[in-house]
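Visitor: Chains as they are written, first to last, in our numbering: chain G, 10 to 107; chain U, 2 to 503.
In case anyone wonders, no lab produced these hints; they're calculated from the structure. Keep in mind that this is a model prediction, so the values were computed, not measured. Treat the hints with caution; some may be incorrect.
Mimicking DSSO-like on lysine-lysine, the simulated pairs with C-alpha atoms at most 30 Å apart in a straight line are [stated by the list, open to error]:
id, chain 1, residue 1, chain 2, residue 2
1, U, LYS240, U, LYS83
2, U, LYS240, U, LYS332
3, G, LYS99, U, LYS467
4, U, LYS462, U, LYS203
5, U, LYS67, G, LYS49
6, G, LYS99, U, LYS83
7, U, LYS32, G, LYS49
8, U, LYS93, U, LYS211
9, U, LYS433, U, LYS462
10, U, LYS32, U, LYS144
11, G, LYS99, U, LYS498
12, U, LYS102, U, LYS329
13, G, LYS99, U, LYS329
14, U, LYS32, U, LYS16
15, U, LYS16, U, LYS211
16, U, LYS240, U, LYS178
17, U, LYS329, U, LYS380
18, G, LYS99, U, LYS32
19, U, LYS203, U, LYS332
20, U, LYS369, G, LYS99
21, U, LYS67, U, LYS144
A short list of chain U residues far from chain G (calculated; beta carbon distances all over 12 Å) [as the list claims (entries may be wrong)]:
id, residue
22, ASP5
23, SER37
24, ALA39
25, ALA69
26, PHE96
27, ASN103
28, ARG214
29, VAL307
30, ASP344
31, GLY387
32, ASP418
33, GLU497
Glycine included, C-beta positions come from ideal geometry on N, C-alpha and C.
So the chains spell out like this:
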Amino acid sequence: MAAINRDDVAHLARLAHIEMSAEELDRMAGELAVIVDSVKSVSEAAGDDVPATSHPIPLSNVFREDVVGHTFTAEQALSGAPDSDDNRFKVPAILDEA
Amino acid sequence: MSTDHILSFEEAMEKYDPVLGFEVHVELNTKTKMFSSAPNVFGDEPNTNVNEVDLGMPGVLPVVNKAAIESSIKIGLALNCKIAESCRFARKNYFYPDTPKNFQTSQYDEPIAYDGYLDIELSDGTVFRVEIERAHMEEDAGKLTHMGGATGRIQGADFSLVDYNRAGVPLVEIVTKPIEGAGSRAPELAKAYVAAVREIVKNLGVSDAKMERGNVRCDANVSLRPHGRERFGIRSETKNVNSLRAVEHAVRYEIQRHAAVLEAGEPVVQETRHWHEDTRTTTSGRAKSDADDYRYFPEPDLVPVVPSREWVEELRAALPEPPAERRKRLKADWGYSDLEFRDVVNAGVLDEIEETIAAGASASVARKWWMGEIVGRAKAADVDPGQLGVQPATIVELAGMVEAGKINNKMASQVLDGVLAGEGTPEEIVEKRGLAVVSDDGPLLEAIDAALAAQPDVADKIRGGKVQAIGAIVGGVMKATRGQADAGRVRELILEKLGVTV
Chain G
10 MAAINRDDVA HLARLAHIEM SAEELDRMAG ELAVIVDSVK SVSEAAGDDV PATSHPIPLS
70 NVFREDVVGH TFTAEQALSG APDSDDNRFK VPAILDEA
Chain U
2 MSTDHILSFE EAMEKYDPVL GFEVHVELNT KTKMFSSAPN VFGDEPNTNV NEVDLGMPGV
62 LPVVNKAAIE SSIKIGLALN CKIAESCRFA RKNYFYPDTP KNFQTSQYDE PIAYDGYLDI
122 ELSDGTVFRV EIERAHMEED AGKLTHMGGA TGRIQGADFS LVDYNRAGVP LVEIVTKPIE
182 GAGSRAPELA KAYVAAVREI VKNLGVSDAK MERGNVRCDA NVSLRPHGRE RFGIRSETKN
242 VNSLRAVEHA VRYEIQRHAA VLEAGEPVVQ ETRHWHEDTR TTTSGRAKSD ADDYRYFPEP
302 DLVPVVPSRE WVEELRAALP EPPAERRKRL KADWGYSDLE FRDVVNAGVL DEIEETIAAG
362 ASASVARKWW MGEIVGRAKA ADVDPGQLGV QPATIVELAG MVEAGKINNK MASQVLDGVL
422 AGEGTPEEIV EKRGLAVVSD DGPLLEAIDA ALAAQPDVAD KIRGGKVQAI GAIVGGVMKA
482 TRGQADAGRV RELILEKLGV TV
């Protein structure tokens with residue numbers, strides 16, 4: 010059984026910006042461990058002759074020529090924004106997390 | 002803002018050995034963005050160079066810009082890197098309004114270029130090799146403006162305004178291996194390294210390379226360890242150090258700050274630092290996140306990039322001459338001294354002098370004009386010398402007139418002013434301003450008589466054999482003729498007049 014404790018889940022929840030109750034953290038710790046173990050079973054099925062792969066389709070080098078296409082107007086770009094000012098998206102001041 | 006305790010640089014160097022590392026972000030100058038066909042243009046109206054991909058709308062699919070891949074490979078090759086046989090993009094997950102997708106498309110475990118080096122020449126000619134760990138592709142983020150706070154900084158801001166024009170602009174991030182052994186030259190090396198990277202990407206034509214516009218941005222990592230210890234100390238990462246001078250200052254400051262922390266017996270905190278140009282200090286940013294916290298995973302919407310070896314070799318064959326080699330060649334060709342050449346490089350007129358020589362000027366004439374005349378005017382006008390718009394042909398023409406004795410150097414300088422003021426070609430200006438060396442001795446003799454009469458004591462000195470006093474008389478004549486006389490001829494005539502033979 011994968012070792013995922015409550016602190017791991019709390020950390021992930023914080024990274025994902027998801028608020029979770031104490032009860033949810035406990036339940037998710039158990040559930041996530043089961044999920045991780047289930048995914049792990051895939052690697053048991055794949056032998057050494059199967060390379061790790063991230064893309065299931067045999068495609069590469071899908072490129073676009075460097076030609077300018079369509080753009081939105083500022084009005085269109087901002088049409089779905091909860092708030093805007095001076096043709097820019099207005100967001101609450103957020104502490105530097107980037 | 003708290004003030005850090007710092008040690009003097011000399012004391013820090015006595016006790017500690019600095020280890021550096023750099024992440025330099027280069028914005029590519031492709032016509033469109035990395036994953037969308039929106040234009041990559043600086044300075045447009047906010048949120049007008051965006052489409053659904055840049056705004057991270059649901060269901061959109063990114064498509065890689067082929068020109069950006071090509072530029073990235075060129076950068077890798079110019080940094081002596083290996084180019085990956087196959088590489089992929091990854092998502093770097095974080096929540097911050099500079100990216101509307103809540104992740105930045107980047108590369109993680111498979112960069113397009115890796116294992117390179119760059120030889121950096123320091124001011125005294127010492128060559129220092131900086132090893133390049135990797136150069137990977139990613140996209141730039143949008144631009145945030147913090148509003149409402151007194152300082153415009155994030156602290157105390159009420160809200161932020163976001164412009165996504167820059168979101169998705171192609172970036173190449175160049176990461177060095179730890180740089181050891183620079184010692185007290187670490188700040189100088191830091192500046193020289195960033196300058197070399199900037200020069201290379203400019204020379205390749207893949208970036209506008211203007212640091213003041215953020216086309217080239219540097220994060221500087223600094224750590225200290227006691228002399229003789231192999232293990233690295235804990236590092237700080239100073240973000241967005243955006244001028245060459247600031248790179249040097251920031252590295253120097255961080256060395257001094259770390260040394261003071263270590264001397265006090267405290268541990269250095271692993272964190273990002275913000276550079277402040279006004280006070281030339283850094284302040285604490287956030288604690289550095291673990292890479293794990295970004296939960297990188299392969300970007301499922303983009304298939305791998307597999308540059309064929311033929312393509313890579315084609316690009317390699319078409320690379321321009323590396324800037325350092327070009328400088329070596331030009332210095333030898335032109336026969337300038339070390340000092341003369343360094344001054345030319347520092348003044349930023351290497352291209353201009355090369356073009357002027359190509360137009361027919363001698364190497365010394367080209368240097369005299371650019372360094373003696375044009376650089377000073379550019380400085381006064383607060384622009385780059387090249388921006389004044391002086392044509393190589395103009396310099397060749399002016400130099401030819403001086404050589405033919407038609408005008409003297411002082412007049413040539415006036416003619417240049419006329420050219421810059423848009424008064425016409427040098428020949429037209431000479432005509433219009435009535436500038437020509439007076440070769441008829443008649444008017445000269447009158448002026449000489451007047452000058453001698455005005456300074457009889459000087460005239461006596463010259464008669465008495467003190468020929469070096471003649472400058473005062475020549476000066477008087479030049480003044481009277483508004484600089485149009487041939488000074489050499491004036492001197493001859495004065496001596497003749499006073500019956501002095503030299």
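Visitor: Taking the numbered hints from earlier one at a time, note which ones the structure violates and give those numbers from smallest to largest.
Guide: Hints 2, 3, 4, 5, 6, 7, 9, 11, 12, 13, 14, 15, 20, 23, 24, 25, 26, 27, 29 are the ones this structure does not satisfy, whereas the remaining hints hold.
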